[in-house]
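Line by line, the protein sequences give chains A and B.
Per this note's numbering, residue 35 is the first one in the first sequence, and the count goes up by one each step.
Per this note's numbering, residue 35 is the first one in the second sequence, and the count goes up by one each step.
Since the hints were made in silico from the structure, they are not lab data.
Possibly wrong hints are sitting among the right ones.
One copy or two, it doesn't matter: identical chains are merged, so the pair holds either way.
[Stated by the list, open to error] With a Cα cut of at most 30 Å, we get these calculated BS3-like pairs of lysine-lysine:
| hint | residue 1 | residue 2 |
| --- | --- | --- |
| 1 | K164 | K406 |
| 2 | K150 | K37 |
| 3 | K164 | K64 |
| 4 | K415 | K147 |
| 5 | K445 | K415 |
| 6 | K346 | K415 |
| 7 | K164 | K415 |
| 8 | K63 | K123 |
| 9 | K346 | K445 |
It should be emphasised that the depicted structure is a prediction, and the values quoted were computed from it without experimental measurement.
There are 2 protein chains.
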Amino acid sequence: MEKTDVLIIGGSAAGIVAATTAKSFHPEKKVTLVRKEKNVLVPCGMPYIFGTLESSDQDQIPDSILLNADIGLKISEVDSIDAQNMICKVSENGNIGFEKLVLATGSTPVRPKWLKGAELENVSTIPKDKVYLDHFKAGLNEVEDVVIVGGGFIGIEMADELNKSGKKVTLVEMMPHVLSLAFDEELAIELEEVLRGRGIRLETGIGVREINGEENKATGVTLENGDRLPADAVILSVGYRPNSALAEKAGLAVNKMGFIQVNEYMRTEHPDIFAVGDCAAKSSFITRTPKPTMLASTSCAEARIAAMNLYKLSTVRLFGGTISIFCTAIGDLAFGAAGVTENLASERGFDILTATFQGTDQHPGTLPGTQKQIVKLIAAKESGIILGGEVIGGKSTGELTNLIGFIIQSKMSVDALLTAQIGTHPLLTGPPIAYPLIKAAELVARQQRSL
Amino acid sequence: MEKTDVLIIGGSAAGIVAATTAKSFHPEKKVTLVRKEKNVLVPCGMPYIFGTLESSDQDQIPDSILLNADIGLKISEVDSIDAQNMICKVSENGNIGFEKLVLATGSTPVRPKWLKGAELENVSTIPKDKVYLDHFKAGLNEVEDVVIVGGGFIGIEMADELNKSGKKVTLVEMMPHVLSLAFDEELAIELEEVLRGRGIRLETGIGVREINGEENKATGVTLENGDRLPADAVILSVGYRPNSALAEKAGLAVNKMGFIQVNEYMRTEHPDIFAVGDCAAKSSFITRTPKPTMLASTSCAEARIAAMNLYKLSTVRLFGGTISIFCTAIGDLAFGAAGVTENLASERGFDILTATFQGTDQHPGTLPGTQKQIVKLIAAKESGIILGGEVIGGKSTGELTNLIGFIIQSKMSVDALLTAQIGTHPLLTGPPIAYPLIKAAELVARQQRSL
């Protein structure tokens, strides 16, 4: 029987990071990654296959990342795990014995059974599957009207890319606003204005009653109020479910939402088996309640943490809960969020203060290419500790959101922000005298004093 | 006699931030700012007057920032400070009494007396002075050859802007490389290649012997090796000296380098007088040795800290020393640095590990507009605490450098980085599986383990 030291199941971001980190931290160990896909897509790049990029070939993670790091790669499906004897049964390669196993089995898009018409031929989801997406893209050539159900970030990015490529796009979101888990209403409205300004039709605050079809093909989408949207293609981006069947079959505990149970070392009940990424259970860093977050930011941190703790545990290398940090871009504007929204913080019982400052992402604002930059901070009222942040701005929004992410993860207070040195440059950041993040912190501090 | 509660002397970044923060934290107090300049330039925007912007009118800080915050503004020169009686003598406005005084008197470019020809008519410096710079710019019309002495960030930015506007520019730097206080050699070389690629002539590792002149006008610059560079205009950007004469005359202590002595609350020996910005003494956050840093990042943090401590001191609102954080941009590439370089850390006696990772600022790298992104980290060998970072990349370099700045100021270790959640997006950041900052941390950790 073939043997390896560290076996990773899953070849997307979490699996790759688990493998490369494992090899980096345990160079003497043999690390092997098994995945079923021949080619791996950059997951967050998938929407861009439909507009900005010419084809999915340009959106691949090269296997050289694994091979150059001396990581064994097997393209095959794992049928079962014998946890007791530490053996994986692999479809085409027989059995592989392991010392440590990392499950990075990912997630699968939901195709809701309760939704009439969801099974129709031209109703697609967005799985991490190159063959599927290539087929779907090829079928879009003669398509004019596209209805996208679900205004999460994949729905939004798909809407924008298809709109760019000349389709007539309608985006339907059940919640009052798109991306409402990440952004409070006033920022979500700005995002919606951008989408509408680019020609995308939005239907928010309304659900889908059914997908209408003729001869196995969708022809339209009927909303809950009876309105019917014409559709030559329908995309369902209504969520993903964790791929935890393999773990469950192996006797590992899975939580109510279907995620594999892990502790802060990302270790399952079995001391030699870890789970990371979309398939692994997690709680919110702030609210401490279970959260079905599926984001590369969280997955990759979990993967590094599991890999560092494989052979010896370290209390300074713990996963503290997801801060749900992410960012996206629509045209020249970008949107980022980390931690809790004002809405969620209030709902979960926090006593909070919030402040928003609008400035610019360059200075003086007369410089060509200047974008507005809006920063909203959500802070604990008493301690001033930052619980969440939302950003709208230009190209620097991603890293500015990451800065807020570090602030949240380090449990910094507004005082830490107000005493911080912030590098600024006319072409790269907001102005030193009105850097939006600092001004928002100042506005929070002002409210603290007037309590 | 006119009376105010908080009096600020100086109208550039530090003065403005001291004033607005003072008003925000002490809204019941009367805050007055005195400055001698009619118009205030965005200091870091000054080089852009010479290329990107049409005129210095587009590089002004509007007085509305002060006036809208209900801050009194006086355009006048302060002749002297009577510290005992808490009165400022102001040229045109008589005396002003104060409860608290903040000195934000700034700095003046050095025009070295020992350099023959430095006094010639067409030899300019870059002071924060709109009238002076307008006059200088007007005189550049018929100029072809410009020699810039001093390869700090102002020298570099002036070189690039004048080059853009069609001048033949030579930049002379005495040190082996430009910006060698901020960047280690291998990164400074990349910056030099960019400058050369844009048509700027560089003379590094060589000093200036004299500025040659005829009839009170500079005609060339002779280097130490005897080479003579033709010049129709010469710019001296060889440093700034603190404006501390007013403080010294008032009996306040000034250090050997000419900076006003302050403690961590930015308070001078006099409990009601504070000093911030270029005129105030500071030490390095890392090395704890005095440092003549003059950067908006440091100045504005000092200004906020002084303003917050005016009436009551707070031990969580201290200035911990300068991290010399800054960033600049040349063409499509940007350069940022925070904390110590490898070079300086070694010189000052630190036992360090360093690692550099080169990736991309978008992902996949096939996306249009992708730039390389290089991150170098300098960490303490034993603790893994991050002491410095250097970045080369695209538009997001400024905020990525700020992220590193927060990491340094929070004394985070590589473990904090390796467990951190980093938001990524194809168009906004490097890839989740190879985010350069994290990969550099991983390389540091690898070296720690092999010790």
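Structure-based check of each hint:
1. Only between protomers do K164 and K406 lie at most 30 Å apart by alpha-carbon distance; the minimum there is 26 Å, versus 37 Å within a single protomer.
2. Proximity of K150 to K37 under the C-alpha cut-off of 30 Å is found in neither arrangement, the shortest distances being 47 Å within a copy and 76 Å between copies.
3. Taking CA atoms no more than 30 Å apart as the test, K164 paired with K64 passes inside one copy only; the shortest distance there is 29 Å, against 65 Å between copies.
4. Proximity of K415 and K147 under a CA criterion of 30 Å is satisfied in neither setting, with 44 Å inside one chain copy and 56 Å between copies.
5. Taking the shortest Cα distances, K445 and K415 sit within 30 Å of each other both inside one copy (14 Å) and across copies (25 Å).
6. Proximity of K346 and K415 under a CA criterion of 30 Å is satisfied inter-copy only: 21 Å between copies versus 39 Å inside one chain copy.
7. In this assembly of identical chains, the alpha carbons of K164 and K415 never lie at most 30 Å apart, being 47 Å within a copy and 44 Å across copies at closest.
8. When the C-alpha separation of K63 and K123 is checked against a cutoff of 30 Å, the pair qualifies only within one copy, where the shortest distance is 21 Å, while the shortest distance between copies is 75 Å.
9. In this assembly of identical chains, the alpha carbons of K346 and K445 lie at most 30 Å apart whether taken from the same copy (27 Å) or from different copies (25 Å).
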